[in-house]
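Trainee: Modelling step: build the complete structure from the supplied sequences, incorporating the hints.
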Amino acid sequence: MASDNTKDKSKSPWNDPYADPYISIENITKKFGDFTAVDNVSLKIYKNELFCLLGGSGCGKSTLLRMLAGFENPTSGRILLDGQDMAGIYPYDRPVNMMFQSYALFPHMTIEKNVAFGLHQDGMHKGEIRKRVADMLELVKLEDFAKRKPHQLSGGQRQRVALARSLIKQPKLLLLDEPLGALDKKLRENTQFELMNLQEELGITFVVVTHDQEEAMTLSSRIGIMDSGKIVQVGTPNEIYEYPGTRYVADFIGSINLFDGNVVEDEADHVRIQSEDTDATLYIDHGVAVTEGSRVGVAVRPEKMKLTRNRPDQADNVAEGIIDEVAYMGNLSVYRVRLKSGKIVKATLPNLDRDTEQFDWDEQVYVSWKPKSGLVLLS
Amino acid sequence: MFNKRFNFILTMMAFGYAFLYIPIVSLIVFSFNKSKLVTVWGGFSTKWYGELFRNEQIIEAALLSLRIAVVSACFAVAFGMLAGFVLARMKRFRGRMLFSGMTTAPLVMPEVITGLSLLLFFIALQDLVGWPGGRGITTITIAHITFSMAYVAVVVQSRLSDMDPSLEEAAMDLGARPVTVFFAVTLPIVAPALVSGWLLAFTLSIDDLVIASFVSGPGSSTLPMVIFSKVKLGVSPDVNALATIIIAIVATGVVLAMVAMKKQESRHKRDIQIAAVAN
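Protein chains in written order, with this note's numbering: chain A, 1 to 379; chain B, 1001 to 1279.
Since the hints were derived computationally from the structure, they do not count as laboratory data.
Every residue gets a Cβ at the ideal spot worked out from N, C-alpha and C, and that includes glycine.
Warning: the hint list may mix true and false statements.
[What the hints assert, rightly or not] Calculated cross-link-like contacts (lysine-lysine; reagent style BS3-like; alpha-carbon spacing at most 30 Å):
hint, chain 1, residue 1, chain 2, residue 2
1, B, Lys1263, A, Lys113
2, B, Lys1269, A, Lys113
3, A, Lys126, A, Lys172
[To be verified] Non-contacting residues of chain B with respect to chain A, defined by C-beta distances greater than 10 Å in every case (computed):
hint, residue
4, Lys1004
5, Phe1008
6, Val1025
7, Ser1035
8, Phe1053
9, Ala1062
10, Phe1093
11, Thr1114
12, Ala1124
13, Leu1204
14, Val1250
[Said to hold, decoys possible] Cβ-to-Cβ under 8 Å is the rule here; a few derived chain B residues that face chain A:
hint, residue
15, Ser1166
16, Leu1167
17, Glu1169
18, Leu1174
Mentor: Structural data, given as structure tokens:
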């Protein structure tokens, strides 16, 4: 699931403190009456990024997108695009285009006319429009459908028309609202890669809003996770998955086993935590610099857990339990293990060979993991 | 058992349709009556149709009714669209309920009251500003616009509420200014509602007797008014002929509209099939 996007460091301008952001969102707040939809968000997005805003419904991600498009005005704060303040600039004057969740194709126009609409508004020469539309339709492989009306197309084709229409003006920034939400799973996977290729080919900065974490992980250069109007964490898919900053993020992206406990030993190179969920202490190979005795959480991803019938040769990070539930998924097996404390943990084991050993219901097992697998969550 | 029930349903159906259509059928039959007496059959003849077309009063009234209907339907569509637009688009403002209630009130207002109030209004206006200069075709047209625009407003409003709001946003996003958005996107999408609103307003205007009677003046009798006054003097067979012609026109219109709708529907279905195959 976690596509590793740790590209060449030179391609990661967010790690370069001197790089100029392409889009700079500064302390943006949006209120609707008493309700704060977006709460003091600041964000820097760089040129050619494919940035995903990820969050549940009502987290403010769509409102933020609509402010970038100019459909909503921020209550306070400002948005800079390529150095230009966007305040007071109407949607029709912004070098920004949007692909709508419903696609919003004009039902009374042919595909060709839909795609040409933006260029017509600029008063471009007819011949030039025809050429650019033809090129664009070829790019999205719809050249045979130019004379059709939107209702004569399938969902996937409509999605490509919407994309073509929003790309034809070569905007500085393309906003995509749940671009793959209306497609079925199989089609979605193919389209994800098409979208990424297009983005690389055209060199346009994309900001995508989605609630689908898998989609965000696959597509993005970086992800911004939103919760109740705030950005809770920004990072590459890899950073977000391996180093979630809060319980919310850890729980939102992928699945997680969380142990609560008290810090009993905190050094520069390790921390030891006593949890009521396990007999053994939890040992993690990074310090957290908190006072001893403070309450923290330890997060361990299910695929980093090991299951054995015999007690492994380690004093920490081990717990005894009984297999409660087994789900064979083909590529991996998912086990729910009930620990002696009553806590249920999840472990996923890859089925590397045809005869990879499977555990059975009610079997007694030991769950264990390495010191570098756990992560301390302070909040 | 089953047969008995089926017979029962058939009987009910026959009764219902007889109730609806016997008066109309008898009217059509008697329009071809040779006799001058409306209720006595004197053999087949089309002479009343000939009489009808020589009757200048009726021809004139028919033309007047048509002119009023066309003009008032056009204005009703224009005004009704504006009202429908506001009703559908203005999110929430103080007195929105009152406003929408007031727009649709003419739908349920008794015609006598609408007619009377308009008559009083025109008289008062005449005293104050010297316009509309007596009652006639202008006052009837204005009266028809006022009550039929409510129907148009309702039809347009429902069409607009069905419309995806992001269509207009998409147009704006692609660089269209609000005026262009309206003419290039919104108007074509509500066009079917405007057509049906126009037809509705047209029919209402052709149909209206009560309101027209209040606000008409000498020399401006609409077709329903002429028919009504003729009937008061005793039914003459040429009225039957006139009614038959009206029924024929209305029936043709309804059938045409239905055929057009069917055609569009089957074309839509075919389009969907094509799209499915293309997948």
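Trainee: Does each hint fit the structure? Answer for all of them.
Mentor: Hints, one by one, checked against the model:
The hinted pair formed by Lys1263/B and Lys113/A meets the criterion: a straight-line CA distance of about 25 Å does not exceed 30 Å. Taking the CA atoms of Lys1269/B and Lys113/A, the gap is near 23 Å; set against the 30 Å cutoff, the hint holds. For the proposed pair Lys126/A and Lys172/A, the alpha carbon gap of about 23 Å is at most 30 Å, so the pair holds. Every Cβ of chain A is farther than 10 Å from the Cβ of Lys1004/B; the closest lies at roughly 48 Å, confirming the non-interface assignment.
The claim that Phe1008/B lies off the interface holds: its Cβ sits roughly 44 Å from the closest Cβ of chain A, which is beyond the 10 Å cut-off. No Cβ of chain A approaches the Cβ of Val1025/B within 10 Å, the least distance being about 43 Å, so the stated non-interface status holds. With 10 Å as the threshold on Cβ separation, the claim that Ser1035/B sits away from chain A holds: the shortest Cβ distance comes to roughly 56 Å. For Phe1053/B, the condition that its CB be more than 10 Å from all CB atoms of chain A holds, with the nearest at approximately 43 Å.
Every Cβ of chain A is farther than 10 Å from the Cβ of Ala1062/B; the closest lies at roughly 37 Å, confirming the non-interface assignment. Interface exclusion of Phe1093/B from chain A stands, the closest Cβ pair being 14 Å apart, more than 10 Å. Interface exclusion of Thr1114/B from chain A stands, the closest Cβ pair being 36 Å apart, more than 10 Å. Ala1124/B, annotated as away from the interface, keeps every beta carbon of chain A farther than 10 Å; the closest lies near 45 Å.
Here Leu1204/B stays apart from chain A, with its beta-carbon at least about 28 Å from theirs, past the 10 Å limit. Every Cβ of chain A is farther than 10 Å from the Cβ of Val1250/B; the closest lies at roughly 30 Å, confirming the non-interface assignment. Interface hint status for Ser1166/B: upheld, as the beta-carbon distance to the closest one in chain A is roughly 4 Å, under 8 Å. This hint holds: Leu1167/B has a C-beta 5 Å from the nearest C-beta of chain A, less than the 8 Å allowed.
With a cut of 8 Å, the hint placing Glu1169/B at the interface with chain A holds, because the nearest CB-to-CB distance is about 6 Å. Given the 8 Å rule on beta carbons, the hint for Leu1174/B holds: about 4 Å separates it from the nearest Cβ of chain A.
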